[in-house]
Amino acid sequence: MKSLSWMAISLFIVCLIAAGLLSRVYTVTKIQIEKQKQDGIQKQLSQVLPEAVSFRETIDDTLWLGFDKDNQQIGIVFRTAWQGYAGPIPILVGLGNDTVIRKIYIASAAEGLKETPGLGFKIRETSFLEQFYNKMYKEIQLVKDGGTIHAITASTISSNAVINGIRAGIERFQSNLDGDTNSVQDLQIDTTTGATESDYEK
Amino acid sequence: MRNKKSKRLQYLFNGIILENPILILMIGLCPALATSTTAKDAFGMSVATSFVLICSNIVVSLIRKFVPESVRIPIFIIIISTFVTIVDYTMQAYVPTLYRVLGVFVPLIVVNCMILGRAEAFAYQHNIFDSFLDGLGKAVGFTLVLVIMSIIREYFSTGEIFGFVIGPRFIISQPMLFMIFPPGAFLLIGLLKAFINKFIIKPEPTD
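So the protein lines, in turn, are chains A and B.
Anchor point for the first sequence: position 176 equals 176 in the numbering used here, and the numbering is continuous, going up by one each time.
Anchor point for the second sequence: position 167 equals 167 in the numbering used here, and the numbering is continuous, going up by one each time.
Because the hints were derived from the structure by calculation, they are not lab data.
Heads up, a few of these hints could be off.
Just a few of them, taken from the derived set where beta-carbon distance is under 10 Å, the chain A residues facing chain B [said to hold, decoys possible]:
id : residue
1  : Ser3
2  : Leu4
3  : Trp6
4  : Cys15
5  : Leu21
6  : Val25
7  : Val28
8  : Lys30
9  : Ile31
10 : Gln36
11 : Lys37
12 : Asp39
13 : Arg56
14 : Gly96
15 : Val100
16 : Met136
All figures in this text were calculated on a predicted structure; none of them were measured in a lab.
From the three backbone atoms N, C-alpha and C, an ideal C-beta is built for every residue, glycine too.
Chain A extracted, bound-state conformation:
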């Protein structure tokens, strides 16, 4: 009988020590883990919209407004995605108030890019990405469709997905831009449906 009770007690003691140790490790690392997550997003945001010094999240993990040091809104950063060859391609786009794209960032494999290494993955190369820098909506198209983008050889689907994703993102979010250059500044966007006030009036 002694061994039977010892069985339960020994298991209990081991569990108790393990639980105590883990709760300690959890509280110590928790702050750092949160900080890493925030830092990661902030770094990407200022990478695609370099003039902005601070960002405010308006739609959770999708849309951020960028502000300069005088707290004037100078542009937006949004996350968009389009079906590529092997899965959706997540793209982060920085758009200035003048509706010109500043920079774009395409997620790495660790962040959810599923394209074929060596083929579709070339959409992450600078030579392809640079084609989008400082371009306007109407220029974001393949050359054969009247735009300025050259698709990557043997990766047409991935290249097209980037173009379509960016176009769809601009169409959806440009009403959040603030500035004299666009006429849609008075529209209020409904964060749940993405519909604008004018949609409700219809």
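We have chain A already, so just place chain B on it with the hints.
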């Protein structure tokens, strides 16, 4: 005395070639196949696994006299999963990029049969120092194979090693893409096993 010393050296060095966990004992194959796509990831994975293996060997050996035989397996699992969770949190906090690449394979160290296998087969019967040596030897063996595999796979599929471009241009322009996919891993581990059987482990005459 001398005999004891040589035995200890044997515990340490057995894990590297003669009892190499992956190529000879054929345990812990899953992470070896899955995380050896680039040398950096493989090295990170090896460090995490080695830490858990050595710590669990020490703790199991430390408490082996108090652990009733009938509940030893649950106790081993609790010890191993505690260390894995510590590694998991620590990696998430201090090396988030590596953590995101390794993803689910960090928590899966819990079910790496190499670790439970050493706890059960070695640490439960040996003293702390011997268990530490055994864990260290197996960890070095595991790390070596993972890093060798990943260097070969990364090189042939991208022309890079640890992210640095090395070697002739034709590998970079026409890489052997399949090496980065699972079939490449299976093929390579088979070739390594064949190599070790042919040249390193000489077949011993049976007594």
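Results for each hint:
1. Ser3: holds, 6 Å
2. Leu4: Interface hint status for Leu4(A): holds (9 Å vs cutoff 10 Å).
3. Trp6: holds, 6 Å
4. Cys15: Cys15(A) check passes; min Cβ-Cβ to chain B is 6 Å, inside 10 Å.
5. Leu21: Result: holds, 6 Å to nearest chain B Cβ.
6. Val25: Interface hint status for Val25(A): holds (5 Å vs cutoff 10 Å).
7. Val28: With a closest approach of 8 Å, the Val28(A) hint holds.
8. Lys30: For Lys30(A), the interface hint holds, since the closest Cβ of chain B sits about 8 Å away, which is under 10 Å.
9. Ile31: With a minimum Cβ separation of about 8 Å from chain B (threshold 10 Å), the hint on Ile31(A) holds.
10. Gln36: holds, 5 Å
11. Lys37: holds, 8 Å
12. Asp39: At 9 Å from the nearest chain B Cβ, Asp39(A) passes the 10 Å test, so the hint holds.
13. Arg56: Violated. Min distance 24 Å.
14. Gly96: violated, 29 Å
15. Val100: violated, 31 Å
16. Met136: This hint is violated: Met136(A) lies away from chain B, its Cβ roughly 33 Å from the closest one there, beyond 10 Å.
Hint violations for this structure: numbers 13, 14, 15 and 16, all remaining hints satisfied.
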